[in-house]
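Trainee: Given next are the chains, with one letter for each unit.
Number of protein chains: 2
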Amino acid sequence: MPQSVLAVDIGGTKFAVALVDPTGNVQEARRVATPPGGDAAALWETLVDLVGSVLRTAGRDDLGSGAVAGVGVGCGGPMTWPEGEVSPLNMPGWRGFPLRARLASRFPGVPVRVHNDAVCLAVAEHWRGAGRGSADMLGMVVSTGVGGGLILGGRLIDGGSGNAGHIGHVVVDPDGPECRCGGRGCLEAVARGPGLAAWAVEQGWVPGSGQPDAGPDVPPYGEAVAEPDTGPDYVEETTASGRRLALDAAAGDEIALAALDRAGRALGVAIASAVNLCDLDVVTVGGGLSQAGPLLFEPLRAALREHARMGFARRVRVVPAALGQDAGLVGAAALVLAADRYWSR
Amino acid sequence: MPQSVLAVDIGGTKFAVALVDPTGNVQEARRVATPPGGDAAALWETLVDLVGSVLRTAGRDDLGSGAVAGVGVGCGGPMTWPEGEVSPLNMPGWRGFPLRARLASRFPGVPVRVHNDAVCLAVAEHWRGAGRGSADMLGMVVSTGVGGGLILGGRLIDGGSGNAGHIGHVVVDPDGPECRCGGRGCLEAVARGPGLAAWAVEQGWVPGSGQPDAGPDVPPYGEAVAEPDTGPDYVEETTASGRRLALDAAAGDEIALAALDRAGRALGVAIASAVNLCDLDVVTVGGGLSQAGPLLFEPLRAALREHARMGFARRVRVVPAALGQDAGLVGAAALVLAADRYWSR
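Line order of the protein sequences matches chains H and P. Numbered per this note's numbering, the first sequence spans residues 1 to 345. Numbered per this note's numbering, the second sequence spans residues 1 to 345.
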């Protein structure tokens, strides 16, 4: 019997596929660019080719459904869950695409499970990352979008439609900026990279005031994430982006610093609300903006201290995500490999 | 074997004790006033007498621990959980009082379980009230305090320290009024009866502008709750209270109406945050202020619509709590009678 799981991480810029063994080791990882503007068939073919290539390299391509113990998939939302019909925001070629059913036809007889990409990142941090050992954790990603996943009582919380964990739409300022969701003052509207960058530009920020090779000035906070390879909602832009802001802030740009303070405080307020409501031990924060390190985490923690005042809430630890670009694959695999904790259906 | 559970509801104004059968029927309920300023021994003695009286009436007083199948207790917080050492805010006589251990000595060999009173109210609404059949529910009480309990995946969520469900400390306005918790802009700071009444008085409200016998004008929303008999944190004051505000608003007082609008909107914002984070089906709202009916629920639903915009979030139903003054007893009993859903330890 195969022990390893086929892990798939589907985003607007990249598809990633790997085998993941029961201890969480990622093997034979391969990545390809998402076909730009690809229609449903082109996207599916890209995925099939990538899967075939991974299985071939591992010498499992002729084993049929016996090749793997199961398939775990993280994909950008929205999607129906647990059915796994996906309509990723930044991949118009897939609208109601039956991703789970298609993969299940390809791998009959083994579990095939699809969940939101941000949920998979949270699962990865809980299973093998910075949230290990916590029973009550929120895993966050702060990048082009702000997303997350909730672990309560040691188990992944799905919510009624698989959408629990949307920390990006906790309201931090009812009269704040409009949000992509149609609401107003959501955390994401304030703290997502492009929103924050737009705010900074309005204040007069000139992207690039800090040099791109300002490496040593970027605080070594958590493990470097080469690419926030976490689906369309969490992919950084390259110009006036959150990552660019973080670099410029590290180089001393005052407006960039103010922007990180603004984002950090919004994060602290939203985290306080989540901690007060869910009685959390740990919050992990990953994604491009988290690379700013203390410049983001200090205002975050200050706002959290102001708004999480009850005894139980003060114990929460907010820590940078520990896993790098494989996090999405690790979390997707955990849907199968650690199903007792991360899969409820 | 006895089937019924001894249910205990301990609040700052009243102690209630009853037997509750496996279907949730409350029998032999008795209530006494909490001894004002009572020390630890006086409070305990009051409880023991009340328990004895209930058991005697039921003809079970000489059965020892065989008298009941278990003991469920709702008590005002804070407390250590699941240890059940209680320090109810409004009962200074009990500080770190080992309520669970004391009751366990009195009833050896059967489960004795203590949880927060607001959690018990949410459990009651889920088990036998307005949230029946929902897998993902927030049960709220809006009164002198604003509290609640979370049911996710069909099970009570405790959080790491038994404090999950503190919806009253979700932040609705980071620059809002100071909260009793030490924070700022919590839902409770805006929407709890006394805070709201204080705000109305500041605006020129004269309590009693609507007559107390304005009965027919009070919208018949949900079942009437004779007394918000739900622990110290949720007991109404009698003068410039939320209940008074609700009556005056029903009689057309403009400032009282504005106050209910203010509270309703704050509730809607906090509920939107909870729904976005936890992917809820149903939110039940009870407590004195909920008696205001549409005057509260309409601004609540308007704000909720503005801030819960994602497809999954729009399905949530916000409904008045259905159970009356026995809710606390029903929920306490459910900790034992439906432990598979409501007790995790």
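Don't read these hints as lab results, they were simulated from the structure. All C-beta atoms, glycine included, are put in the ideal place defined by N, C-alpha and C. Do not rely on the hints blindly, as some may be mistaken.
[Claimed, not checked] What the simulated footprint calls covered on chain H by chain P, stretch by stretch (three residues with Cβ under 8 Å from a Cβ of chain P suffice, anywhere in the stretch; the number is not a length):
1) 32-43
2) 60-74
3) 180-189
4) 273-285
Trainee: Per the coverage rule (Cβ-Cβ under 8 Å, at least three residues), is the region 32-43 of chain H covered by chain P?
Mentor: n = 0 at 8 Å, threshold three: violated.
Trainee: Three residues minimum, CB to CB under 8 Å: does the region 273-285 of chain H make the cut for coverage by chain P? Let me know.
Mentor: This one holds; 8 residues, not fewer than the three required, reach chain P with a Cβ under 8 Å.
Trainee: Closer than 8 Å, Cβ to Cβ, for at least three residues: run that test on the region 180-189 of chain H against chain P and report holds or violated.
Mentor: holds (count 6)
Trainee: Counting residues of the region 60-74 of chain H with a beta carbon closer than 8 Å to any beta carbon of chain P, are there 3 or more?
Mentor: violated (count 0)
Hint violations for this structure: numbers 1, 2, all remaining hints satisfied.
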